[in-house]
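Q: If you want the building blocks of each chain, they are given just below.
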Amino acid sequence: MDLNLQELNATEFPVPVELEDNIAITSLSQLYNWGRRNSMWPMLFGLACCAIEMIATASSRFDFSRFGFEVMRATPRQADLMIVSGTVTKKMVVPIVRLYNQMPEPKYVLAMGACASGGGPFKEGYNVVSGMDKYLPVDVYVPGCPPTPQALLYGMIALQRKIDGQSIANGDDVPWYGEGPAEPTPVPVLGPDIIDPRQMDMIRRQAEAAASEAGLLGQRELPAFTQLVAATAVATTAETTEAGPVDEDALSVVLPTGGTPWAEAEDIREKRRLRALARKALRATRRAAQTEGE
Amino acid sequence: MENLAAPATKRLSIDDAIEHLKSSHPHAVKSDDREGYEGVIVDSDRLVEIARVIRDKLGFDYLSSATAVDYLGEGDHMEMVYHAYRSSGGGALVFKAQTDREAAQIPSLVSVWRGADFQEREAWDLYGIRFPGHPNLTRILMWEGFEGHPMRKDWREAYYEEEQKPFDSRWPGGHVHRAEEKNVFGKNVSYPPDIDLNRLMDTSDTAVYQSLGLGVDIERVMDKDGFETNELVVNMGPHHPSTHGVFRMVLTVDGETVTSLEPVMGYLHRNHEKIGERNTYLHNIPFTDRLDYISSMGNNHGYVLAVEQLMSLGRRYNPPTYRCEALRVMMVELSRIVNHLWAIGFWLNDIGAFFTPVLYFIQERERILDFFEAVAGSRMMCNYMRFGGLFGDLPERIKSVSNLTNDRVRDYNTMQFLTEMINERIPRTIDELELLLTQNEIVIERSMGVGVLGAEDAINFSAAGPLLRGSGVAYDIRRADPYSIYGELDFDVAVEQEGDMYARYRVRVTELRESVRILKQILPRLEATAGESIWADGKPGAYQPRVPHGESYGRVENGKGELGYYIVSAGGRGGSANPWRYHVRAPSFINLTPLGHMSKGHKVADIVGILGSIDIVLGETDR
Ligand code: SF4
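One line per chain: the protein sequences are H and G, in this order.
Residue numbering for the first sequence is 1 to 294, as defined by the working numbering.
Residue numbering for the second sequence is 1001 to 1623, as defined by the working numbering.
Derived by calculation from the structure, the hints in this document are not laboratory data.
Please read these numbers as outputs of a predicted model, since none were measured by experiment.
Keep in mind that a hint or two might mislead.
[Unchecked claim] Each computed DSSO-like pair below joins lysine-lysine, with the alpha-carbon atoms no more than 30 Å apart:
{"hint": "1", "chain 1": "G", "residue 1": "K1399", "chain 2": "H", "residue 2": "K271"}
{"hint": "2", "chain 1": "G", "residue 1": "K1165", "chain 2": "G", "residue 2": "K1030"}
{"hint": "3", "chain 1": "G", "residue 1": "K1520", "chain 2": "G", "residue 2": "K1539"}
{"hint": "4", "chain 1": "G", "residue 1": "K1399", "chain 2": "G", "residue 2": "K1539"}
{"hint": "5", "chain 1": "G", "residue 1": "K1153", "chain 2": "H", "residue 2": "K280"}
{"hint": "6", "chain 1": "G", "residue 1": "K1030", "chain 2": "G", "residue 2": "K1057"}
Chain H with its partners taken away, still in its complex shape (with noise of 0.2 Å):
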């Protein structure tokens, strides 16, 4: 194809010069991306200790605006990330689903430290919920107990690295580039014990086996451990295909190898710091020399 460079530089608005007779090429997707992962804004909201770790890396050491990240909004409304920052207790894994319910599409969630990710040094205790993602998809998790400023920024940055991956055009990759609203996560109950919505039948049928063997089982032992495992495999693989939407692949961090630009700025980087090291090390045999002669 014949591209005329003038007639480019030819539009009704005023190109600068120092851009004139170029042309870049982006993908809608790439553009739209671009723009979302410079503008996550997280929610203000903390759970526990890890919440502090979080507050030092906002503030001006570490100061994760400088990733895009800009403010803090309390209101989930105007959030696009919940940094679920501390252990997720069962009392309070109602309000945490009900504000994420609440947060515009596109949303996301990082799970910060041991406790979020998984029950961390607490998970087992009764209150505990094991992980947020027992409850929420969660995009990145990041390690520690609590993870350090540094640690917690570099999730950050895997979570952008996962935004570049995504595209508009496959509506299956990311909920909200489909049709239509997404679900919200149902919301679950306080009942004798906290009950995930999604696994009612599932409770259900475990209380009927235990009425039929009446007697066999103490109070508490309803789930645990014994003779209901068997009973329950059938229930098991009902259950997965109850719990819905929740896509596997949607659960990790997906980052992009090979071909895509952010890969060849980290082959960049690692050159760079390549020689970097060589050049330490030159001089290092330098200086090794010099303090020998003298």
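Given the coordinates of chain H, work out where chain G with the ligand should sit on it, guided by the hints.
A: Below, chain G with the ligand without anything else, positioned relative to chain H:
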């Protein structure tokens, strides 16, 4: 009765006070002569009457802690343990009341000490002990409708493995499994077999409102046409930027004025104590870090003091060396500085100076955290103290561990770094803070006369820390009941008379200065002991100590107030490796008791500031 009034003026020693109680109530009071126990056991029918005598006649006017113990298999009874102190200083009078495990019931002491309010609710919630006479005996940490009382020894959590750690699955066998895979629901849940899902509604919130006893018909208030009522219920939290975490307050307001306030908590209840009773003694040290996560060093200190107290009953125990004590005090005082800077900063946030002051204080905190990281290996969760010693001595040079690569800037001589920090940087920050804030018109306008708590109320509510001292009670455990080497250090107890938000601010600023004063005395002590071991016999003590039979209560003055650990060891002859009872007397929790009282009559915007001036941290409130 008149002749009983005389001893109070004489100020009996604790032993004499116990003798006095026994002679005046011969049938109702007897000594607790279990091995390693102290204090008296009181007949629970006459508990209230005797508590009055203890408070009024004997002068033990400050109820520090009230907690339950379940002695299943060790006598099969429940017990409430009370620690009462004199607000003028000195040791504790410990008294206990026992009850049956089934239908457990002990009269409420709220009419004597209002500070018992939340603690009794906690005992009801977690142990199922009823307290007749309590004004609002509802669950406090778990939700209404939760099945069972989880701290009872025979109650098992969904991920239950074994009674005590180390679990066989982890040691010595050491195969890893995920607890989720053993539970058919794949979650940390278990349900009673008679669960009725058809009648299940989320009543947790209605229950909260009803249990508050607000005297407001919620339905009517929510009705748009019901104009006949002019009271409104306002819910703040658990997700609210000014509640310092996941704390919740439910207020009724008349126009802008608050008529009543109920704190609702438990949103960060992560079962510290249940897990703590499964853990070994050593396991618990890193868990204490996560109580008041702003000042982990102080938490460590209280816990090791409590366990050391118990260990000293046994034979093989060496007290920590002088250098170790000096290091402990230094770390604790640095944490106090971090804590107070943080508290003042966030309180300013609450009254409108949004985030600017905090940014400056966090800078200073980072400096101290760098030091902690270099010494203990972690910025926040230091896990630094051990029984009879420390994790390690000061390193020669300070480097930030996580910033090590590319970090050629930060490499200091430790003592130089400390000297500079203590003599120059921190005082400079405090000066700057005072210059900008203490005489600041807006700060004064917003905080003087707001959230007043009188001295008598403060004592009766068991308030602690700056909240207590801001109300004119010069009670600082470092002076009133000295521990470690505080007895020989030279410092003043900060105290202000007004009892308002401004007074608490002033107390914190004075304490910052006093901490610097203490640190300046520590530096020469460190230099003098350089090269000495931090362990009594030059090598680390037992890794997993066996702790002799008995009980102990170790308490320290932490940034937020009196932090106490009540520990019961119920081992046989050789002692036990796991605590039978592990209770944390959390200042953030008990300091919330007077919140409703302090808030009445103020505007909604002031409530936020009052909460900030108490300075709570939710890890400790909910545990
Ligand atoms: S991961 Fe560790 S630091 Fe973070 S909330 Fe959990 S216990 Fe606290």
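Q: Are the hints correct? Go through all of them and say.
A: Right, here's what the structure says about each hint:
1. A distance of roughly 28 Å separates the Cα atoms of K1399 of chain G and K271 of chain H; the hinted pair therefore holds under the 30 Å criterion.
2. A C-alpha spacing of about 36 Å is found between K1165 of chain G and K1030 of chain G, which places the hinted pair above 30 Å, so the restraint is violated.
3. Taking the CA atoms of K1520 of chain G and K1539 of chain G, the gap is near 29 Å; set against the 30 Å cutoff, the hint holds.
4. With a C-alpha separation of about 25 Å, the suggested pairing of K1399 of chain G with K1539 of chain G holds against the 30 Å cut-off.
5. A hinted pair counts as satisfied when its Cα atoms are at most 30 Å apart, and K1153 of chain G with K280 of chain H does not qualify at roughly 62 Å.
6. Proposed proximity of K1030 of chain G and K1057 of chain G is supported: the alpha carbons are some 18 Å apart, at most 30 Å.
In this structure, the hints that do not hold are numbers 2, 5, in rising order.
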